[in-house]
Amino acid sequence: MWEGLRTGPYLNSYKNYVVLPRSPVASVTHMKTFDDANTATTFPSANYYVDLAREPSRIVLRKGYTFPTDLRVANAIEITYVAGYTSQYLVPEPIKLGIMQHIAFLYEHRGDMYNASQPYPPMLRSLYAPYVIHRGLGSSALMALG
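Here my numbering is used: the first residue of the sequence shown is 30, the next is one more, and so on.
Hints are computed from structural coordinates only; laboratory data are not their basis. Some hints could be false.
Said to hold, decoys possible - With a cut-off of at most 25 Å between alpha-carbon atoms, the simulated BS3-like pairs for lysine-lysine come out as follows:
no., residue 1, residue 2
1, Lys-44, Lys-92
2, Lys-92, Lys-61
3, Lys-44, Lys-61
Said to hold, decoys possible - Restraint-style ranges between C-beta atoms, simulated for each label pair:
no., residue 1, residue 2, range
4, Thr-95, Arg-139, 54 to 60 Å
5, Met-152, Asp-99, 52 to 58 Å
6, Tyr-114, Val-89, 20 to 26 Å
7, Leu-126, Glu-84, 35 to 41 Å
8, Arg-154, Val-89, 31 to 37 Å
Note that the structure is predicted; figures quoted are calculated from it, not measured. The beta carbon of each residue, even a glycine, is placed where N, CA and C say it ideally should be.
When you get a sec, could you build the whole thing from the sequences and use the hints?
Rendered as structure tokens:
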């Protein structure tokens, strides 16, 4: 058993990847870095690869490469990427079913006055729940449904 104080390098401050918060990622257009003088430099795509197997996807630096050291303190990296389903056949079935149920609900209740107690079908929340993108402290636009 170990007694005493263990010391070692603090590796949590260095990460060799950047998480892309919106999924699914189709492609990364470009990645730019900014130095203290606000000069933009395009980061070569040969220095990183896009990890699409993980969700949320991320950009991982290749072995032997690092981010530039003269980056500004905040907003030092700009990433432009394409996210979303690239084909109607890739959209998950629960989302398709939820859209059809929502359209049917709106059609059945056309002309009705707004009913604040039930503005959406109750099942929509459970269908969309696995695909909700949370912002901040667990809040979400879809969490307000139903």
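To see whether the hints hold, each was checked on the structure:
Annotation: proposed proximity of Lys-44 to Lys-92 holds, straight-line Cα distance about 13 Å (limit 25 Å). A C-alpha spacing of about 19 Å is found between Lys-92 and Lys-61, which places the hinted pair at or below 25 Å, so the restraint holds. A hinted pair counts as satisfied when its Cα atoms are at most 25 Å apart, and Lys-44 with Lys-61 qualifies at roughly 17 Å. Checked against the hint of 54 to 60 Å, the C-beta distance between Thr-95 and Arg-139 comes to roughly 59 Å, which is consistent with it.
Checking the proposed 52 to 58 Å range against Met-152 and Asp-99 shows it holds: the Cβ atoms sit about 53 Å from each other. Range check, Tyr-114 to Val-89: about 23 Å between beta-carbon atoms, so the 20 to 26 Å window is met. The hinted window of 35 to 41 Å between Leu-126 and Glu-84 is violated, with their beta carbons roughly 21 Å apart. Taking the beta carbon of each, Arg-154 and Val-89 are about 34 Å apart, inside 31 to 37 Å as hinted.
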